[in-house]
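Asks: Spelled out from the first residue to the last, the chains are:
There are 2 protein chains.
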Amino acid sequence: MSLPLDPRTFMARAIELSRLHMEAGEGGPFGAVVVKDGVIVGEGWNRVTSTCDPTAHAEVTAIRQACASLASFSLQGCEIYTSCEPCPMCLAAIYWARLGRIYYANDQADAAAISFDDAWLYREVALPLPDRSLPLTQLMREEALAVFRAWDAKADKIRY
Amino acid sequence: MSLPLDPRTFMARAIELSRLHMEAGEGGPFGAVVVKDGVIVGEGWNRVTSTCDPTAHAEVTAIRQACASLASFSLQGCEIYTSCEPCPMCLAAIYWARLGRIYYANDQADAAAISFDDAWLYREVALPLPDRSLPLTQLMREEALAVFRAWDAKADKIRY
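So the sequences go chain by chain: D and P. Every letter in the first sequence is one number past the one before it in my numbering, and letter 88, counting from 1, is 88. Every letter in the second sequence is one number past the one before it in my numbering, and letter 16, counting from 1, is 16.
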């Protein structure tokens with residue numbers, strides 16, 4: 001008999017989601033669940049191609065669903081189970097969501113073998129701005145800084 | 001008279017969005033627009049706290065709106081104007097969306113000065129897995145690999 005808090009139970013669900021929705025043609029083979037106190041509070045799967053949303057990766061959609069169901073922008077005290085090691089977008093989303101632990105199954109090399117080259121993206125994100133393949137240009141900093149100063153002075157702001 | 005394709009026109013709109021929605025209490029002071037052939041096809045602003053979505057940064061929401069309006073998961077040939085240098089989540093989302101260029105106004109140091117510490121997150125994302133402050137555990141790789149193999153063999157898959 002498996003314990004209800006066995007991490008394998010939740011990972012099995014993440015992997016099941018990856019298979020079901022891939023077979024349904026909704027996107028790439030990726031699934032994820034967010035767990036709080038031994039209960040799944042959010043499920044996600046890749047929906048990039050079916051919803052025309054390049055940000056609709058499994059982890060991001062699981063985070064969105066979990067936050068909606070908990071009515072909170074913080075998932076502090078929760079864990080995420082993902083069928084594949086997160087890409088940089090999903091990893092940063094996991095940090096922003098304040099998740100406490102990541103369980104993953106497939107790793108970066110496995111993803112690269114089926115043409116999802118997260119390793120390249122990890123390298124790009126880590127490069128200094130002028131060295132990236134995607135050009136960045138700074139302009140109108142002074143105008144934008146004025147808005148930052150207004151935020152800093154805003155008495156009723158909600159930090160996150 | 002300013003030319004319609006002057007990058008300052010689009011950045012001014014991104015900055016305007018950052019101010020309007022910050023003042024309305026929807027989230028942090030960040031705005032972004034996606035431009036295709038000199039026309040704005042998507043607008044976004046930070047809605048983290050007001051929509052309980054930690055992924056609702058300005059760039060991500062602008063990308064989602066642009067993709068919806070173009071009915072495409074690719075923004076190839078488009079540019080993004082953001083009132084602040086993107087965090088790693090937004091930067092990776094910009095790569096996934098195939099955007100061709102980034103214009104930004106405030107930079108990482110400006111964001112850090114108002115307590116948005118993207119620099120720390122950039123460092124975390126670049127670290128080897130065991131060195132990150134957020135623990136990662138691998139399990140059930142074999143089960144998940146089976147789904148990757150099924151994807152690889154799927155005849156009608158849509159790559160992205």
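By construction, these hints were calculated from the structure, which means they are not laboratory data. There could be a bad hint or two in this list.
[What the hints assert, rightly or not] Computed, partial: chain P to chain D, Cβ under 10 Å:
(1) 36
(2) 38
(3) 77
(4) 93
(5) 130
(6) 138
[As the list claims (entries may be wrong)] Below, a list of computed lysine-lysine pairs in the DSBU-like style, where the Cα atoms sit at most 35 Å apart:
(7) P/36 / P/154
(8) D/36 / P/36
(9) P/157 / D/157
(10) P/157 / P/36
(11) D/36 / D/154
(12) D/157 / D/36
Backbone N, C-alpha and C fix where the C-beta goes; we use that ideal spot for every residue, glycine too.
Asks: Work down the list of hints and note, for each, if the structure agrees.
Replies: Results of checking the hints against the structure:
no.	hint	verdict
1	36	violated (15 Å)
2	38	violated (16 Å)
3	77	violated (14 Å)
4	93	holds (5 Å)
5	130	violated (12 Å)
6	138	holds (6 Å)
7	P/36 / P/154	holds (33 Å)
8	D/36 / P/36	violated (42 Å)
9	P/157 / D/157	violated (45 Å)
10	P/157 / P/36	holds (28 Å)
11	D/36 / D/154	holds (33 Å)
12	D/157 / D/36	holds (28 Å)
When each numbered hint is compared with the structure, violations occur for hints 1, 2, 3, 5, 8 and 9.
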